[in-house]
Amino acid sequence: MNDLNAEKNQILSRRIIFIIIANLLAFVVIITRLYYLQVVQADKYKMMSDENRISTRFLLPPRGMIYDRNGEIVAKNVQNFQALLLPEQTKNAEDTLTKFEEIIPLTETERSRIMKEINGNKKFIPIKLKDNLKWKEVAKILLNAPDLPGVEINEGLSRYYPMGDIYAHILGYVGPISDNDKKDNPLYMVPGFKIGKAGLEKFYDYKLQGKSGTVKLEVNAFGRVMKEIERQAGVEGESLILTVDSRLQKAAIEAFGDNSGAAVVLDVKTGEILAMVSVPSFDPNLFTNGISYKHWSELLNNERNPLINKAVSGQYSPGSTFKIVVALAALESGIINADTRYYCNGAMKVGASRFHCWRHVGHGSLNVVEALKYSCDIFFYETALRIGIDKIHDMALKLGLGMPLNVGLDNEKSGLIPSKSWKKAVQGVQWTKGDSANSGIGQGYVLVTPLQLATMLARVVSGGYEIKPTFIRKSVSKKNKTKRLKIATRNIELVKQGMYEVVNGVGGTARRARFNLDGIRMGGKTGTTQVRRISMRERRSGIIRDENLPWNLRNHAWFMGYAPTDNPRYAVAVIVEHGSSGSGVAAPIAGAILQEAIKLDIK
Amino acid sequence: MYRFESSSQDDWRNKISQLNFIYVFLIILLAIIGTFTLYSAANGNWQPWAFKHILRFAVSLVLMFALALVDFRKYYKGAYWFYFITLMLLLVVEISGHIGMGAQRWIDLKLFKIQPSELMKIGMVLFMARYFSSATVQGIRSVRGIIIPAFMTILPVILIATEPDLGTSLMVLITAGVMFFVAGVQWWKFALIAASVAGSLPILWNFLHEYQQNRILTFLNPERDPLGAGYHIIQSKIAFGSGGILGKGFLHGTQTHLNFLPEKHTDFIFTMFSEEFGLLGSLSLLFLNILLLAMGYVFAFRTRNYFARMTIIGLNTNYFLYVFINMAMVMGVLPVVGVPLPLISYGGTVMFSIMASFGLILCMSIAPSKNM
Numbered sequence: 001m002n003d004l005n006a007e008k009n010q011i012l013s014r015r016i017i018f019i020i021i022a023n024l025l026a027f028v029v030i031i032t033r034l035y036y037l038q039v040v041q042a043d044k045y046k047m048m049s050d051e052n053r054i055s056t057r058f059l060l061p062p063r064g065m066i067y068d069r070n071g072e073i074v075a076k077n078v079q080n081f082q083a084l085l086l087p088e089q090t091k092n093a094e095d096t097l098t099k100f101e102e103i104i105p106l107t108e109t110e111r112s113r114i115m116k117e118i119n120g121n122k123k124f125i126p127i128k129l130k131d132n133l134k135w136k137e138v139a140k141i142l143l144n145a146p147d148l149p150g151v152e153i154n155e156g157l158s159r160y161y162p163m164g165d166i167y168a169h170i171l172g173y174v175g176p177i178s179d180n181d182k183k184d185n186p187l188y189m190v191p192g193f194k195i196g197k198a199g200l201e202k203f204y205d206y207k208l209q210g211k212s213g214t215v216k217l218e219v220n221a222f223g224r225v226m227k228e229i230e231r232q233a234g235v236e237g238e239s240l241i242l243t244v245d246s247r248l249q250k251a252a253i254e255a256f257g258d259n260s261g262a263a264v265v266l267d268v269k270t271g272e273i274l275a276m277v278s279v280p281s282f283d284p285n286l287f288t289n290g291i292s293y294k295h296w297s298e299l300l301n302n303e304r305n306p307l308i309n310k311a312v313s314g315q316y317s318p319g320s321t322f323k324i325v326v327a328l329a330a331l332e333s334g335i336i337n338a339d340t341r342y343y344c345n346g347a348m349k350v351g352a353s354r355f356h357c358w359r360h361v362g363h364g365s366l367n368v369v370e371a372l373k374y375s376c377d378i379f380f381y382e383t384a385l386r387i388g389i390d391k392i393h394d395m396a397l398k399l400g401l402g403m404p405l406n407v408g409l410d411n412e413k414s415g416l417i418p419s420k421s422w423k424k425a426v427q428g429v430q431w432t433k434g435d436s437a438n439s440g441i442g443q444g445y446v447l448v449t450p451l452q453l454a455t456m457l458a459r460v461v462s463g464g465y466e467i468k469p470t471f472i473r474k475s476v477s478k479k480n481k482t483k484r485l486k487i488a489t490r491n492i493e494l495v496k497q498g499m500y501e502v503v504n505g506v507g508g509t510a511r512r513a514r515f516n517l518d519g520i521r522m523g524g525k526t527g528t529t530q531v532r533r534i535s536m537r538e539r540r541s542g543i544i545r546d547e548n549l550p551w552n553l554r555n556h557a558w559f560m561g562y563a564p565t566d567n568p569r570y571a572v573a574v575i576v577e578h579g580s581s582g583s584g585v586a587a588p589i590a591g592a593i594l595q596e597a598i599k600l601d602i603k
Numbered sequence: 604m605y606r607f608e609s610s611s612q613d614d615w616r617n618k619i620s621q622l623n624f625i626y627v628f629l630i631i632l633l634a635i636i637g638t639f640t641l642y643s644a645a646n647g648n649w650q651p652w653a654f655k656h657i658l659r660f661a662v663s664l665v666l667m668f669a670l671a672l673v674d675f676r677k678y679y680k681g682a683y684w685f686y687f688i689t690l691m692l693l694l695v696v697e698i699s700g701h702i703g704m705g706a707q708r709w710i711d712l713k714l715f716k717i718q719p720s721e722l723m724k725i726g727m728v729l730f731m732a733r734y735f736s737s738a739t740v741q742g743i744r745s746v747r748g749i750i751i752p753a754f755m756t757i758l759p760v761i762l763i764a765t766e767p768d769l770g771t772s773l774m775v776l777i778t779a780g781v782m783f784f785v786a787g788v789q790w791w792k793f794a795l796i797a798a799s800v801a802g803s804l805p806i807l808w809n810f811l812h813e814y815q816q817n818r819i820l821t822f823l824n825p826e827r828d829p830l831g832a833g834y835h836i837i838q839s840k841i842a843f844g845s846g847g848i849l850g851k852g853f854l855h856g857t858q859t860h861l862n863f864l865p866e867k868h869t870d871f872i873f874t875m876f877s878e879e880f881g882l883l884g885s886l887s888l889l890f891l892n893i894l895l896l897a898m899g900y901v902f903a904f905r906t907r908n909y910f911a912r913m914t915i916i917g918l919n920t921n922y923f924l925y926v927f928i929n930m931a932m933v934m935g936v937l938p939v940v941g942v943p944l945p946l947i948s949y950g951g952t953v954m955f956s957i958m959a960s961f962g963l964i965l966c967m968s969i970a971p972s973k974n975m
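These protein sequence lines are chains A and B, in that order. Taking my numbering, the leading residue of the first sequence gets 1, the next gets one more, and so forth. Taking my numbering, the leading residue of the second sequence gets 604, the next gets one more, and so forth.
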């Protein structure tokens, strides 16, 4: 027995050594692994551990305020409670959403947007459930918080435009980021973050946005915030001071009454835009939190196009207002001078067709000042034919037509100033004499925007300075640096004399709109442009009176005016869409706006 | 009568004085470390784990001493009985598991729960120790001589595996295997078994439950399911790694306290300890365990009593497997098979069974070399 056990004990002792070695080898594996995890890969796992526990959220900076030139607030931020859903903090985001709906009803569109974001976004990006919650709704949500995992109330800021539709087209509006403008800026992922979608809000978006702050929170595995680790405050967006005078802006809108159109008032000395209106307008506050379909389709289907800023996006034939350009081009080129006279008998032959003056009986013999005063067409047909389209084109461009002026608004149109090469290139046919004649009275191919026309007028009445319209107030030193255009002062004086006569002269086309405010008078030029073509037959049978046409076939009415006439300060361009008559409809509106500007004595 | 009592008392005193108190001290030290780790796991609270843990330890410490003082011959005599009763209990669990629903690992005796698979770890060791001590060298080397112990191994292993408790059944299997090996079963037989197991792996695979298959697949590639089954192991590795060399400090393990780490008080307690005490802490804890195991092997060398030596080897191997499998699985070296870290992890059954096995080791360590 003992011998037997002795042999077995020997075997046992030998083999225990193997077991001990096996144990040691196993612990070498453990030690190696510990070293690998806790030393070699420590940095990687430290980072992953921080990613686990630290949740970085953005703090939205308050958007920069916008003031008018008098310091009045035209865009500000108001407190806004919103309900957010944090998908990473709920087991089932859809369930939470359903429960949320039981408390706060959502529309079909809202629901589908949220569902899209739940399925599409990364889990850590909060989703906006509802904006602009009322106190009662906030209380309801907080009360039901245990049933709503992942729902959070966020106190944010939302944009508000205290003047509503008065500034709609200038400021534009802010709105939530849409699929099209998702960029790499992480700020854009923050729910409720709004960007400028139109107008100056869009153009100066970067400046107005400010810099976002961040807050680092420690969260547990269920996403519950345990404590705040670090907070870095954001930088408020820069504020913007506009050149616009809200009082003049309001007066301009009132002056239009029920008409559809646009007006631009410039400071002749500086190019500052004192007012820019496009009527009818809309309330940009509707857009801030997502516009309802009903409102949107109403705005979209309105034939007077409230959504379009006609002051920069509306392109119209300038009509007789263009005669200022033609006159200056002719005077500058020496083809005519102050004494050159043409005879108007009501019509003339150009090529194969007959061109009519608006006054069938004709104006008789007149010089350039009289031609402007009475807006004689024959004089300008003749002039245009003599100098040719290219000289007119050059002058028009010099005066700011035919190109965008880049004031920072969307869809600013460049208008159209035709030339021989343009027609050849675009239409593939030769420029004709008829084209020249038509251009001479601002019809045919010529297109301008109200902003361009106001700029053109400002450049002329300033005595030939390259006035550049702007919404941003310039420093005093910059004001004096305005470039002079190379236009002879005496020619400018002639044109100005013509415009003075238009309003103040007996028989001037806009005489009815004249005023005299302590010696301050207005000068200007009317324009009436056909929207339809008048056929030969209609001409024979008698042209249908404009009042008898449907609204959308009536003539557009233009007036551009300036005041005071002796030392021009304000220049205004007014278009009344289908207003029939420049002298009858547009001139009184321009007159009212200028009188208001003079009375306000804008600083 | 008086003489007997007095001699019995003298016997106890004598026995207690023979016990290795460094060994006992190591066990107490580990249990205290476990208590403080559980205190941290509850975010610095004695409830719900730390207090109960130290209380259980105190009770099972008494059990350990009691078992250590029993005459070792009683274990020899009772070895088969203990094995067969445990086997019966396993069958009861298996049958009631089939009648009842889902996994069933314990028998509820209202007062306490018996987990027969835990008992089997000791039962298997006692059975093998007794069997091999009465076997001849020739018998051990023959195929016929190991048929019975092989059968007695396979039966409980299958029963435990179908509970299903893969971790425990593997531990029982390996423990029995180690005892076969030290008894002197030839190398080539192990090689043969290993080869045939490897060959039948694809068939065994189909016997595994889907969640067991998933655990193995996830172990092979944790990124397979980073939010589901792989989540635990990824979070555990993050906890280890972010602990670095010095650790985040007691009560400051973010992975644990922010609940990213699952099962931090049971299977993943080593992870939590390592996150808070870093590489230095985990190596220290490992070293304490190695020391405890080393002392066990020293006991096995010191006695010449074959049954005692075999019992010590078997129970030491069992403890080694606990420590190794637990540490390896929480570090992603082995699949997560649900093996706790004894003395540290929270849990009554393992505490009692491991303390019982320490009691047996202590008892065997002072067994006289002869006089069976």
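Hints listed in this document are in silico derivations from the structure and should not be mistaken for laboratory results. Glycine included, each C-beta is placed from N, C-alpha and C at the ideal position. There's no promise every hint is true.
To be verified - Taking beta-carbon pairs under 10 Å as the criterion, some of the chain B residues facing chain A (in silico): (1) VAL695; (2) VAL746; (3) ILE750; (4) PHE784; (5) SER845; (6) PRO865; (7) LEU891; (8) ASN892.
What the hints assert, rightly or not - Computed far set for chain A versus chain B, every beta-carbon distance over 10 Å: (9) ASN52; (10) ARG113; (11) ASP165.
As the list claims (entries may be wrong) - On the chain A side, residues computed to face chain B include the following (Cβ under 10 Å): (12) PHE18; (13) ILE19; (14) TYR35; (15) LYS211; (16) THR214; (17) GLU218; (18) MET226; (19) TYR465; (20) ALA488; (21) THR489; (22) GLY519; (23) ARG521.
Hints, one by one, checked against the model:
1. VAL695: With a minimum Cβ separation of about 33 Å from chain A (threshold 10 Å), the hint on VAL695 of chain B is violated.
2. VAL746: Interface hint status for VAL746 of chain B: violated (18 Å vs cutoff 10 Å).
3. ILE750: With a minimum Cβ separation of about 19 Å from chain A (threshold 10 Å), the hint on ILE750 of chain B is violated.
4. PHE784: Where the cut-off is 10 Å and the nearest Cβ of chain A is about 6 Å from PHE784 of chain B, the hint holds.
5. SER845: Check passed: Cβ of SER845 of chain B comes within 3 Å of chain A, closer than 10 Å.
6. PRO865: Since the shortest Cβ distance to chain A is 9 Å, the answer is holds.
7. LEU891: With Cβ-Cβ at 12 Å, over 10 Å, it is violated.
8. ASN892: 9 Å, holds
9. ASN52: Answer for ASN52 of chain A: violated, closest chain B Cβ roughly 5 Å.
10. ARG113: Consistent with the label, ARG113 of chain A stays out of reach of chain B, its closest Cβ about 26 Å off (over 10 Å).
11. ASP165: ASP165 of chain A clear of chain B: closest Cβ-Cβ about 51 Å, beyond 10 Å.
12. PHE18: Hint holds; PHE18 of chain A Cβ to chain B Cβ min 7 Å, cut 10 Å.
13. ILE19: This interface hint holds because 6 Å falls under the 10 Å limit.
14. TYR35: 7 Å, holds
15. LYS211: 30 Å, violated
16. THR214: 20 Å, violated
17. GLU218: 7 Å, holds
18. MET226: Check passed: Cβ of MET226 of chain A comes within 7 Å of chain B, closer than 10 Å.
19. TYR465: Constraint on TYR465 of chain A not satisfied, violated at 68 Å.
20. ALA488: 80 Å, violated
21. THR489: Nearest chain B Cβ about 80 Å off; hint violated.
22. GLY519: It is violated, given that the least Cβ distance between GLY519 of chain A and chain B is near 80 Å, above 10 Å.
23. ARG521: 79 Å, violated
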